[in-house]
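Undergrad: These are the residues of each chain, in order.
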Amino acid sequence: MTARRQPFSAAVTGLGMVTAAGVGAKATWHAVTQETSPGGVAHQEELADLPCDFMYTADLDTTELLGVATQRLMDRFSQLAVVAAREAIADAGLDTDTWDGSRVAVVIGSAHGGVTFYDQQHVAMAARGARRVSPKLAPLTVVNSAASSVCMDLGARGPSLAVATACSSGTVALGTAHQLLRAGVCDIAIAGGAESPISRLLIASACQMKAVSTRRENPAAACRPFDAGRDGFVVGEGAGLLVLERPEHAAARRAPVRAHVRGYGASSDAYAAVAPDPDGNGIERALRSAMADAGVQAGDIGHVNAHGTSTVVNDLIEATMLQRVIGDHALVTSTKAMTGHTLGAAGGIEAALTVLALEEQLVPPTANLEVPDPQIPVEIVRQEARPAAFDCAVKTSLGFGGHNAALVLTR
Amino acid sequence: MNAAEVVNALLVQRFGVALADVTDETPLRTLRIDSLALEELRVLIEDQLDIDLEEVPLTPRDTVGRLVAAVNGMVPA
Chain A
1 MTARRQPFSA
11 AVTGLGMVTA
21 AGVGAKATWH
31 AVTQETSPGG
41 VAHQEELADL
51 PCDFMYTADL
61 DTTELLGVAT
71 QRLMDRFSQL
81 AVVAAREAIA
91 DAGLDTDTWD
101 GSRVAVVIGS
111 AHGGVTFYDQ
121 QHVAMAARGA
131 RRVSPKLAPL
141 TVVNSAASSV
151 CMDLGARGPS
161 LAVATACSSG
171 TVALGTAHQL
181 LRAGVCDIAI
191 AGGAESPISR
201 LLIASACQMK
211 AVSTRRENPA
221 AACRPFDAGR
231 DGFVVGEGAG
241 LLVLERPEHA
251 AARRAPVRAH
261 VRGYGASSDA
271 YAAVAPDPDG
281 NGIERALRSA
291 MADAGVQAGD
301 IGHVNAHGTS
311 TVVNDLIEAT
321 MLQRVIGDHA
331 LVTSTKAMTG
341 HTLGAAGGIE
351 AALTVLALEE
361 QLVPPTANLE
371 VPDPQIPVEI
381 VRQEARPAAF
391 DCAVKTSLGF
401 GGHNAALVLT
411 R
Chain B
1 MNAAEVVNAL
11 LVQRFGVALA
21 DVTDETPLRT
31 LRIDSLALEE
41 LRVLIEDQLD
51 IDLEEVPLTP
61 RDTVGRLVAA
71 VNGMVPA
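As given, the protein sequences belong to chains A and B, one line each in that order. Just so you know, we're using full-length UniProt numbering here: the first sequence kicks off at 1 and counts up by one. Just so you know, we're using full-length UniProt numbering here: the second sequence kicks off at 1 and counts up by one.
If you're looking for bench data, these hints aren't it; they were derived computationally from the structure. All figures in this text were calculated on a predicted structure; none of them were measured in a lab.
Quick list of simulated restraints, FRET-style, between CB atoms:
no. : chain 1 : residue 1 : chain 2 : residue 2 : range
1   : B       : T23       : A       : A27       : 40 to 50 Å
2   : A       : E45       : B       : V12       : 20 to 30 Å
3   : A       : A228      : B       : R32       : 50 to 60 Å
4   : B       : P60       : A       : A27       : 34 to 44 Å
5   : A       : E370      : B       : S35       : 48 to 58 Å
6   : B       : V12       : A       : L362      : 44 to 54 Å
7   : A       : R131      : B       : A9        : 14 to 24 Å
Quick partial rundown of chain A residues pointing at chain B, CB under 8 Å, derived from the structure:
no. : residue
8   : G67
9   : V68
10  : A69
11  : R72
12  : R132
13  : S134
14  : P135
15  : K136
Beta carbons are placed, not taken as given, at the ideal position from N, Cα and C, and that holds for glycine.
The shape of chain A in the complex, shown without the other chains (with noise of 0.2 Å):
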């Protein structure tokens, strides 16, 4: 039985994107669309001699940013969270001098949290004994820490929650936003998600599962979605964080609404530990669900943010979905060459890139696809990017556990 409901449009009003192609959202979007290689992936002295020794990272400095009293506190993810957190608040014309603090809710997804911090105690107590380890680790490592430091950072009082869903976070946390605005228990919602998942255990344990690029003599050239030579993909860091709010609220501040989020899916696969289910029917019935949520047909939907992790298995399994339940006319694309796959907060900061297609009329091309693999049988924005006339596009995550999802954004 399905419960079926008006469809909700929560306002976006701010957007905040902190990831390796660049530093605000305007820098992100400008390299995700303008540039056809990325800038932003190297090798990490952190990994060497890992069989995938390079990952995408965010040039910025933190303790400019923040100080030190508020950075330490932090772990990276979180610092992130808090340089993307400030600049939406800032874009949705927000003061947190005057606002309703008790009315704004916090939802930032994760995978890892504070896997670095994590990694870097464990490595003192190994080598220096318990007596060397930080206190800190718990407040740091909590994968809910980027949600707490963005609440104490603007005076947000209202609900707060992270969202763990492996690679589907960032998704999660916004459809979770969503329904909060439609409860009524919010008026405003920070949501995405936040990852800095620069850790050697975590990146040798990726290589053995044998999931990542091994393409170490060319890091630029590794990330390839839909590519027929693509073998893996590569993490990143970065944070994606959207101002939502209930339509009403926008419109009595007279707040610019950038785009709307109309609808939103989840499911799980119930299937495997890490491999997704073979014929895509868990991200299939996500898609569908929040369609329905939306109340909108597949021919509605002109671009498709698509998860395009660049694993051999995930593009082809997510395209073939894409073309049963949509069919071949959408843009598809996939800006994980450009940012990394950046595992919790991918979501989010795909999610942002969405609404900025919305806007611009937009779709940005999948870099480095420069053999398209012929089985995918849709068609993938490869090149540069290509302008089009949409009003409604969707965003796609899939993420180990085969926790599934998706959002659907209109104009």
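Since chain A is already given, all that's left is putting chain B on it; use the hints.
TA: Same frame as chain A, but now just chain B:
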């Protein structure tokens, strides 16, 4: 560096305290050194001076001077 210099440098570099705010009589909590920060500071001092402050009772109500005296008590002459 003597104990006071080590403590002051850590307060500035690791906790973002303004050196001008630090006097012997300043309670640690007025420098935003709460109980968690104090335990972090304890580990940093122990590590830097290779001493053991585990048995030294300290609270954020203690002054910078009291902390320095405690550290001095553990530093071999």
